[in-house]
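Undergrad: Listed below are the residues making up each chain.
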Amino acid sequence: MVQQQLSNNSTTYDLPEPLPLDSGQTLPRAQISYETYGELAPDKSNAVLICHALTGDQYVASKHPVTGKPGWWERMVGPGKPIDTDRLFVICANVIGSCMGSTGPASTDPSEGGAGAPYGMRFPVITVRDMVRGLVALLDGLKIEQLHSVVGGSMGGMQALSLAANWPTRAARVLVIASTARHSAQNIAFHEVGRQAIMADPAWADGDYYASGASPDNGLAVARMAAHITYLSEEGLTAKFGRRLQDRSSKSFGFDADFQVESYLRYQGSGFTQRFDANSYLYITRAMDYFDLAEEHGGKLADAFAGTSARFCLVSFDTDWLYPTAESRHIVHALNAAGAKVSFVELSAPNGHDSFLLEHDQLDRVVKGFVDG
Amino acid sequence: MTLRPDLAAIAAHVKPSTRVLDIGCGDGALLSELHAHSDVDARGMELNAELVERCVSRGLSVVQGDANCDLANYPDKAFDYAILSSTLQTAARPDLILDELLRVGAKAFVSFPNFAHWRTRAALMFGGRMPVTRALPVSWYETDNIHHVTVDDFRDLAKAKSAQIERSWFFAGERAISPVGANWRAEFAVFELSR
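As given, the protein sequences belong to chains A and B, one line each in that order. Residue numbers for the first sequence follow numbering that gives the first Met the number 0, so the first one is 0 and each next one is one higher. Residue numbers for the second sequence follow numbering that gives the first Met the number 0, so the first one is 0 and each next one is one higher.
Since the hints were made in silico from the structure, they are not lab data. Take these hints with a grain of salt, some might be off.
[To be verified] In silico BS3-like cross-links for lysine-lysine, where the CA-CA straight-line distance does not exceed 30 Å: (1) B/14 / A/340; (2) A/68 / A/80; (3) B/76 / A/299.
[Claimed, not checked] A few chain B positions that, by computed beta-carbon distances, are all more than 12 Å from chain A: (4) 4; (5) 14; (6) 16; (7) 128; (8) 130; (9) 138; (10) 142; (11) 158.
Idealized CB from N, CA, C, for every residue including glycine.
Produce the complete structure using the sequences and hints provided.
TA: What follows is the structure, given as structure tokens:
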């Protein structure tokens, strides 16, 4: 169960100005929690911003303070790793709307009407561009004019694309892994299932559950279970679980988790509620559903990248059906049309969308080659 | 690493500080050479994911794509040179690819193994079987070459497409040879075209 902001030991940056949002509202006194790794060069030429995915956080390469687990991309980021912190200064910040120290629905509403209580559903609806606006404010605070690279997978890739399109001088290299320039009807549909699961949980209480001692863990767990299926592939699920039974030799003729895959999903769902706020899940999935980079630029994706001088690299995975290769190719075509310098490769991996987080030597080489090149 | 003779000829004639697209760039040998020696903005397209991965790992800008359909997204004259080395004969429609080359590039370099080389002719005439030679080392059932072409065929195609042949180079093995009798003496041909 999550009470307000989760505890974290990150550095917090207080935005000096209210953060303007795409909705027309502003976010006053916003905070961004972030982690850094490595040393910033005196000329500030080696800063790499890593953008996290929907349920990710700033702990890209350090122990998570709630779960105690290693950072979510430790195999990619660290000394001697493909994103080498012996040479690069890596910044990873919790996005606004999330719940690991950056301002989100669980944060205290500073307005008079807030009465010192958390925002809940009074938190303004945000977009991916708003998240990036927050990250850019952080870069301003760190006095980093141009990033060596911006790197992101999944929703992190959307942020990298949004940064490249809306702040084209802020990153020299843009690496987008297993991502998309727009949410499809299918993407929105799966997110809506998750949101409805949360909102159907009586403990959600219209988002005003922070003081009640209860939280919509059941709904959030179901949302996570549904989403988790979209991160895997049928091939991967079959290989991992097949139709094998969980701790029993025959079916129970009941509704226990008879199958290993059921048990696994329940475990994933309940574990998730320990480290994530249900309202944050509503707001961030909403932001992703609203994401359509072409729409922001007059309907033509190539126009989003007009005149860019950044180098781009896109990577997709052949078993990713959440953001399939066609979505990356669509971005590549737009970048080609815009005359941008772009690399693109579809890698083969059995584990669907999640492949970008897992062991993959080719991905390591591509990331290293692109970031070093 | 020494470049294949057709690639070396192309590399030697790409002007410095130009923009180049190498279509079917393989492991990026030509791109690396251009990048290292003549301040060229060199980009590539390659169908084979493993080769693309090797290129990107080397820091080259290469897109995994199919020359038969993915050239359409590049604007007209996006490049000073469009290069198609040893790939024309693998295209579904070489004539349409040639159109695309001359659309996206101000100039084009095209190289291909010459099917009218005397060895090929001899193998077919005396052996009665599809030739397997040093320029065409793969059996007919395994080869990617689906549109064999001769030097004279290519000249005809260029003419039909109103493309100017600016320069040409011919090779027998590693050796450059004169254009005289190239249609039967050359194993490999390189053309520089414009329109």
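Undergrad: Now tell me if each hint is right for this structure.
TA: The hints, checked one at a time:
no., hint, in the structure
1, B/14 / A/340, "holds, 19 Å"
2, A/68 / A/80, "holds, 19 Å"
3, B/76 / A/299, "holds, 21 Å"
4, 4, "holds, 28 Å"
5, 14, "holds, 19 Å"
6, 16, "holds, 15 Å"
7, 128, "holds, 36 Å"
8, 130, "holds, 35 Å"
9, 138, "holds, 27 Å"
10, 142, "holds, 24 Å"
11, 158, "holds, 30 Å"
Violation of the numbered hints given earlier is absent; every hint is satisfied by the structure.
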